[in-house]
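First to last, the sequence lines map onto chains A and B.
Residues in the first sequence are numbered consecutively from 97, following our numbering.
Residues in the second sequence are numbered consecutively from 97, following our numbering.
None of these hints come from the bench; they were simulated from the model.
Treat the hints loosely; a few may be bogus.
To be verified - Some, not all, of what chain A presents toward chain B, calculated at C-beta under 7 Å:
| no. | residue |
| --- | --- |
| 1 | Ile106 |
| 2 | Thr179 |
| 3 | Arg183 |
| 4 | Glu195 |
| 5 | Ala199 |
| 6 | Lys210 |
Don't be surprised by glycine CBs; every beta carbon is placed ideally from N, CA and C.
2 protein chains.
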Amino acid sequence: MGDVPEVHLIVRVDLGPHGRLGPGKMLLLDNIQQLGSISAAGRAMNMSYRQAWDLVDQLNRAFTEPVVASQTGGKSGGGASLTDFGRQLLAHYRHIAAETQRAAASDMAAIMGKLRPAEEAEAGK
Amino acid sequence: MGDVPEVHLIVRVDLGPHGRLGPGKMLLLDNIQQLGSISAAGRAMNMSYRQAWDLVDQLNRAFTEPVVASQTGGKSGGGASLTDFGRQLLAHYRHIAAETQRAAASDMAAIMGKLRPAEEAEAGK
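Using the sequences provided together with the hints, build the complete structure.
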């Protein structure tokens with residue numbers, strides 16, 4: 097008998113024409129807050145600077161206030177930090193993630209209890 | 097002033113090696129229940145029979161009980177229906193979707209209130 101794999105809930109906020117807010121963009125914002133740079137934040141997620149910058153640009157265009165403030169140029173490629181609104185957005189997303197996890201707990205447990213162990217599924221392929 | 101686009105929460109259950117349960121697979125199950133066939137259910141979502149069948153197969157392998165029971169062959173390609181467990185799974189997913197929407201409501205409203213109207217975002221591109 098193998099262990100039943102961990103099951104968890106992934107939440108995304110659909111912003112319509114502005115794309116979606118999910119775990120990836122939120123981790124990028126968290127990394128920008130920790131590391132002070134978009135390129136370092138992207139590298140920490142194996143993301144190119146271009147990819148990371150595109151995601152930041154998408155977020156900055158989605159709202160009436162910017163999420164990330166960046167200074168381009170300079171020897172190190174410029175620093176970046178979350179705006180006050182960016183920190184609020186990250187806090188709202190984290191609150192949504194925690195509250196939904198709690199709200200879904202009993203249904204998640206019911207689903208998890210019926211999951212087939214991983215190696216049994218592999219063997220059945 | 098344009099309308100602020102509708103914002104909503106998308107939830108997926110991460111089943112580890114078995115993939116994910118999200119709105120697409122759940123709509124497919126709902127369609128199978130309504131239409132009594134995997135091919136008709138897939139067509140209703142602009143999905144090929146092969147795609148629909150692969151998703152059903154993934155679900156059937158993920159749990160200790162099958163989710164969809166199908167009869168292959170015959171003139172119409174065979175019928176399909178949800179098992180008792182399939183109906184339970186769909187009900188759990190719907191309950192998760194409803195409860196998480198409720199749990200996230202106040203944070204969602206805060207995020208939605210800061211969203212830029214769509215045409216303003218287009219014009220800014």
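We went through each hint and held it up to the structure:
1. Because the closest C-beta pair between A:Ile106 and chain B is about 4 Å apart, less than 7 Å, the hint holds.
2. With its C-beta approaching chain B no nearer than about 11 Å, A:Thr179 sits outside the 7 Å limit, and its interface hint is violated.
3. The interface hint given for A:Arg183 is broken, as the beta carbon of that residue sits about 13 Å from the closest beta carbon of chain B, more than 7 Å.
4. Because the beta carbon of A:Glu195 sits about 4 Å from the nearest beta carbon in chain B, less than 7 Å, this interface hint is met.
5. For A:Ala199, the shortest C-beta to C-beta distance to chain B is roughly 4 Å, which falls under 7 Å, so the interface hint holds.
6. For A:Lys210, the interface hint holds, since its Cβ comes within 7 Å of a Cβ in chain B; the closest pair sits about 5 Å apart.
The earlier numbered hints that this structure contradicts are 2, 3.
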